[in-house]
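2 protein chains.
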Amino acid sequence: MGSARKTTTFDGRFRMHRAGFLESPTLAYETWGALNEARDNAILIFTGLSPSAHVASCAEDPTPGWWEEMVGSEKPIDSDRYFVICVNSLGSCFGSTGPASVDPLTGEPYRLNFPVLTLEDIAESAWHVVQHLGVDKLHTVVGCSMGGMTGLAFCVRHPDSVRQFISVSSATRALPFSIAVRSLQREMIRSDPKWMKGHYEVGDPPIMGQRLARKLGMISYRSAEEWVQRFGRERSTDHARIEDQFVAEFAVESYLENVAQKFTGSFDPNCYLYLSHASDLFDLAEYGGSLDCGFRRLQLERALVIGVTTDILFPIDQQRELAQGFSINCRDTELAELDCIRGHDSFLVDMDAFRPVIWNFLEK
Amino acid sequence: MGSARKTTTFDGRFRMHRAGFLESPTLAYETWGALNEARDNAILIFTGLSPSAHVASCAEDPTPGWWEEMVGSEKPIDSDRYFVICVNSLGSCFGSTGPASVDPLTGEPYRLNFPVLTLEDIAESAWHVVQHLGVDKLHTVVGCSMGGMTGLAFCVRHPDSVRQFISVSSATRALPFSIAVRSLQREMIRSDPKWMKGHYEVGDPPIMGQRLARKLGMISYRSAEEWVQRFGRERSTDHARIEDQFVAEFAVESYLENVAQKFTGSFDPNCYLYLSHASDLFDLAEYGGSLDCGFRRLQLERALVIGVTTDILFPIDQQRELAQGFSINCRDTELAELDCIRGHDSFLVDMDAFRPVIWNFLEK
Numbered sequence: 076m077g078s079a080r081k082t083t084t085f086d087g088r089f090r091m092h093r094a095g096f097l098e099s100p101t102l103a104y105e106t107w108g109a110l111n112e113a114r115d116n117a118i119l120i121f122t123g124l125s126p127s128a129h130v131a132s133c134a135e136d137p138t139p140g141w142w143e144e145m146v147g148s149e150k151p152i153d154s155d156r157y158f159v160i161c162v163n164s165l166g167s168c169f170g171s172t173g174p175a176s177v178d179p180l181t182g183e184p185y186r187l188n189f190p191v192l193t194l195e196d197i198a199e200s201a202w203h204v205v206q207h208l209g210v211d212k213l214h215t216v217v218g219c220s221m222g223g224m225t226g227l228a229f230c231v232r233h234p235d236s237v238r239q240f241i242s243v244s245s246a247t248r249a250l251p252f253s254i255a256v257r258s259l260q261r262e263m264i265r266s267d268p269k270w271m272k273g274h275y276e277v278g279d280p281p282i283m284g285q286r287l288a289r290k291l292g293m294i295s296y297r298s299a300e301e302w303v304q305r306f307g308r309e310r311s312t313d314h315a316r317i318e319d320q321f322v323a324e325f326a327v328e329s330y331l332e333n334v335a336q337k338f339t340g341s342f343d344p345n346c347y348l349y350l351s352h353a354s355d356l357f358d359l360a361e362y363g364g365s366l367d368c369g370f371r372r373l374q375l376e377r378a379l380v381i382g383v384t385t386d387i388l389f390p391i392d393q394q395r396e397l398a399q400g401f402s403i404n405c406r407d408t409e410l411a412e413l414d415c416i417r418g419h420d421s422f423l424v425d426m427d428a429f430r431p432v433i434w435n436f437l438e439k
Numbered sequence: 076m077g078s079a080r081k082t083t084t085f086d087g088r089f090r091m092h093r094a095g096f097l098e099s100p101t102l103a104y105e106t107w108g109a110l111n112e113a114r115d116n117a118i119l120i121f122t123g124l125s126p127s128a129h130v131a132s133c134a135e136d137p138t139p140g141w142w143e144e145m146v147g148s149e150k151p152i153d154s155d156r157y158f159v160i161c162v163n164s165l166g167s168c169f170g171s172t173g174p175a176s177v178d179p180l181t182g183e184p185y186r187l188n189f190p191v192l193t194l195e196d197i198a199e200s201a202w203h204v205v206q207h208l209g210v211d212k213l214h215t216v217v218g219c220s221m222g223g224m225t226g227l228a229f230c231v232r233h234p235d236s237v238r239q240f241i242s243v244s245s246a247t248r249a250l251p252f253s254i255a256v257r258s259l260q261r262e263m264i265r266s267d268p269k270w271m272k273g274h275y276e277v278g279d280p281p282i283m284g285q286r287l288a289r290k291l292g293m294i295s296y297r298s299a300e301e302w303v304q305r306f307g308r309e310r311s312t313d314h315a316r317i318e319d320q321f322v323a324e325f326a327v328e329s330y331l332e333n334v335a336q337k338f339t340g341s342f343d344p345n346c347y348l349y350l351s352h353a354s355d356l357f358d359l360a361e362y363g364g365s366l367d368c369g370f371r372r373l374q375l376e377r378a379l380v381i382g383v384t385t386d387i388l389f390p391i392d393q394q395r396e397l398a399q400g401f402s403i404n405c406r407d408t409e410l411a412e413l414d415c416i417r418g419h420d421s422f423l424v425d426m427d428a429f430r431p432v433i434w435n436f437l438e439k
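Residue numbers (the numbering used here), protein chains in the order written: chain A, 76 to 439; chain B, 76 to 439.
Treat the hints with care, as some may be off.
A pair holds if it fits inside one copy or across any two, identical chains being indistinguishable in the list.
What the hints assert, rightly or not - Each computed DSS-like pair below joins lysine-lysine, with the alpha-carbon atoms no more than 30 Å apart:
(1) K269 / K150
(2) K337 / K272
(3) K81 / K337
It should be emphasised that the hints constitute simulated quantities derived from the structure, not laboratory data.
Predicted, not measured: the structure shown is a model, and the values here were computed from it.
Next comes chain A alone, as it looks inside the complex (with noise of 0.2 Å):
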């Protein structure tokens, strides 16, 4: 299978929000359409949390992206009318440097060595994407879930180089129940005696605690409501795995199970401690002293708010906090309240609520 996947590097320091500084980082990036000749038609998408940069499927990457129903060819995200980039987040795994990287100062992984990630981290180092991909103003950021934040980050940041901004099942901030999950997410995977803080060998990671973590994520990604209409009190049909009285009687664990066996292998442990992290850190309020001030300093033309009533990780109050923010200094801000049932995942399968919403605004 070809990958679409492609590489820049940042040249010297580039100096961390926080603190600190990585040496001539890799981005990595994939992009869809191309750049017309007045350089006005890119949209910049922020990715959540896990995904890579492959939001959609292309001729030289035929495997389906994370977003492939909303991005390419005639679809909301129209590859024929834009030029469409995703950076793989600095500090994830998928091509972009990362905890899990080799520093090239000292010839070892970064692992707990990598400086505080922040959002405004990843954000910056977009910038420095857009900018070697020849685009100053972009025609729409698009950011869903953290990635909504990293969003806000450089939107507040380039104020003169956006123009519209999409965000999805995102905030202006983590409030402390996300933040609670997020840090008992961290916990179990530093309590995994296999992590040896950081240091856990290549092929033997710690399992264990990312399983832990990812069905705490995903009994914060759903909701309630499409659990009962999904499983209710179905019991499990995977008895033939039962060592114990404790193990899977309801289908509903079994489901979680399934869920976590598929991610445990494929993300760097270390790589989703940083950006679990950066998530919490995030707060507009830090520009200026309020969220009044930071929202002040957006120059939008437009702006989109999207949220799923059930969300309870990006609860539907801080999605208003959000339309009534970008309503400052831009009058057209819509608000899509959407009565999807699954919850913050909405936005990755729920595509026939999101799909008209996007579409809808970017024909405007």
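Dock chain B against chain A, hints included.
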């Protein structure tokens, strides 16, 4: 400090609801007030998963109980009027026989050889205590959280022996969200290498797994709204404890850590696994094939259902389902939907809201 704990032994084999038996189990309980001559003033309280039978202080044990403000002289459950009984749940570790107890047939602790525990077993063991105390008919059964389901099991199996029922933040059966949360808590304990398939050393229990499980418990017992008001994005003051960047940056993280440290020493991990699993297993619909059939077996004179709008573990819809169900056979059913902010735990901490509801019901 004295103890008010009394015990009684079930003579012979106590047959478990699913399979197996316990040889002459011990049942621990406490009582307040006195049985009247007519023997019609007894109130039986079923606890949630973790409390002991020490509901309230008394002369022999002046330490505050887990429902101190609810039970006692001139309190809503008034020990001047009622003979109040609380049994430590079978399977628990505060005096009643449980997985941490020694099996008289082997001389060894039961551990995972304890038979599968159900709420029916807890209900039947309480029935034994009630009869031992000379009570044939209970004035009122009160059940909180898991104890509400135990109370339902009691009422459906002894319909002639209960006049009134008070269900506090409980349900007819667990829904998949709650099952998922509890299943993950059990997996956290079982994943701790120190659990050793239930054979941990008494002085070296799986503290790490218990700590994680308790934190997830608190996330499910409280509400996102409460934490916004209480913590917001306040930083932790426990900086001295910080080992690395991933430990307790925010106040909500320190709070969870403090709560978890208090709990982990006090509850036996295997007992926790059994009681948690029992909470998942109970289903009123098993009595006759549907919830309706189950409710039709009850012969209550009066019923009170109390629930809290911010409860995510026993959500308000389940309170409405209970009230609807009781009303099939019991015209005098009341539903109190309380707007408390502290989620499932409100019945333990928001006494100003709960006291008058129970007071008024028992006064009538």
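Results for each hint:
For the homomeric pair K269 and K150, neither the shortest alpha-carbon distance inside one copy (44 Å) nor that between copies (52 Å) is at most 30 Å. Taking the closest pair of Cα atoms, K337 and K272 come within 30 Å of each other both inside a single copy (24 Å) and across two copies (25 Å). Taking identical chains as interchangeable, the C-alpha atoms of K81 and K337 lie at most 30 Å apart only when both belong to the same chain, with a minimum of 26 Å there against 51 Å between chains.
Hint violations for this structure: number 1 only, all remaining hints satisfied.
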